[in-house]
Amino acid sequence: MSGHDHDGHDHDPHHDHRAAKPWQAVRTEALESILNELGVLSSSRVDEIVAYYEDKIGQKSGARVVARAWTDPAFKARLLADGLSACAELGLGGPETEYLHVVENTPTLHNIVVCTLCSCYPWTILGLPPAWYKSSAYRSRAVREPRKVLAEMGLSLGDDVTIQVWDSVSEIRYLVLPERPAGTESLTEAELADIVTRDAMIGVARVQV
Amino acid sequence: MDEAHAFDRTLAPPTQQAAAFGQPWEAQAFAMTLALSERGVFTLEEFQQALIARIGAYETTASLAGDEDYYTRWIEALQDMLAARGVLPAGQIPDAETDIVRDAASRKAHQHLSARGADGRLKIAPLMIDPATAA
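Protein sequence lines correspond, in order, to chains L and R. Residue numbers are given in the UniProt record's numbering: position 58 of the first sequence equals residue 58, and the series is strictly consecutive. Residue numbers are given in the UniProt record's numbering: position 8 of the second sequence equals residue 8, and the series is strictly consecutive.
Don't take each hint at face value.
[Said to hold, decoys possible] Some chain L residues near chain R, calculated using beta-carbon distances under 8 Å: (1) 24; (2) 25; (3) 26; (4) 30; (5) 34; (6) 64; (7) 119; (8) 143; (9) 163; (10) 179; (11) 180; (12) 181; (13) 183; (14) 185; (15) 187; (16) 188.
Worth flagging that the hints you see were computed from the coordinates, not collected in a lab. Since the structure is predicted, the reported quantities are computational estimates derived from the model, not experimental observations. C-beta: ideal position from N, C-alpha, C; glycine also.
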């Protein structure tokens, strides 16, 4: 058990600095325990799903897709034509995504994905969305002033670059196919997958060597 | 929502190794939702509509600043869906929560006691030692 109080100066048991469990944690636990008891869900299945999303999938899946597209032109063509089928070739995808549209960045066209209403995101390929993706600030500003938001996130685009903003919804999710950086001609597909970041696949960063 | 909400750079992920969930209850709420949709209690699309409604209502007066704000709306939406499906007896939540808080408090008290010796000082020692047997 971690989290022991190592504050040797405070031995007063009535004066505990550690925060109580947040109400959301208590509520979630209560819901799960009631539903588990009623047989509406099983706690072991809940644990399995947590483990799956925390460990097994994540941006690495998306990175494999990008690396394959960079090294296999025929795959890339299939990916751009039908994202889900192409991902399925790599054993990726799942019931959470109905349609996956892959948008390709070029030197003069940059794509960025946002979900204006909530946080639609290609979970099965990118894992869970980062906190900033779900923030009101990103969701409202990315559609209004994407160039400025991108610059604030560290991606400055020239005025010769067109920006396309895609609004992810429950029926259609988007994945950005970033540009392959120069100087990576000798890298293998696996090495390329290592340099592809989640942010690049949302469209808020470039892939860097 | 208006321009007053500047993009908070601290929300940007420092690395791509960031954990999927900020706090365990966020993961639990997320996974429960998927588990319930697997069982057909509701579809993910239906849940999404409930989530959009909760986020929309929240954003009339505030803005989502991070995972905690977001997953709090998630829990609200989940309760909305459970209520709409009639699978959750309303009166049970307070009792279950009382039990959970009481159990957590008693665990904490136990840890507090077992962490300290009779003199009230922290004991920092192995709980048990299984000694080496090689000569």
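Hints, one by one, checked against the model:
1. 24: 5 Å, holds
2. 25: 4 Å, holds
3. 26: Hint on residue 26/L: holds, closest Cβ of chain R at ~5 Å, below 8 Å.
4. 30: Holds, because the Cβ-Cβ distance from residue 30/L to chain R comes to roughly 4 Å (cut-off 8 Å).
5. 34: Because about 5 Å separates residue 34/L from the closest Cβ in chain R, which is inside the 8 Å limit, the hint holds.
6. 64: 14 Å, violated
7. 119: At about 7 Å, which falls below the 8 Å cut-off, the nearest Cβ of chain R leaves the hint on residue 119/L intact, so it holds.
8. 143: Violated, about 11 Å.
9. 163: Violated. Min distance 16 Å.
10. 179: Violated, because the Cβ-Cβ distance from residue 179/L to chain R comes to roughly 18 Å (cut-off 8 Å).
11. 180: Violated, about 18 Å.
12. 181: This interface hint is violated because 16 Å lies over the 8 Å limit.
13. 183: 20 Å, violated
14. 185: Nearest chain R Cβ about 23 Å off; hint violated.
15. 187: With a minimum Cβ separation of about 18 Å from chain R (threshold 8 Å), the hint on residue 187/L is violated.
16. 188: 20 Å, violated
Figure legend: structure checked against the earlier numbered hints; hints not met, in rising order: 6, 8, 9, 10, 11, 12, 13, 14, 15 and 16.
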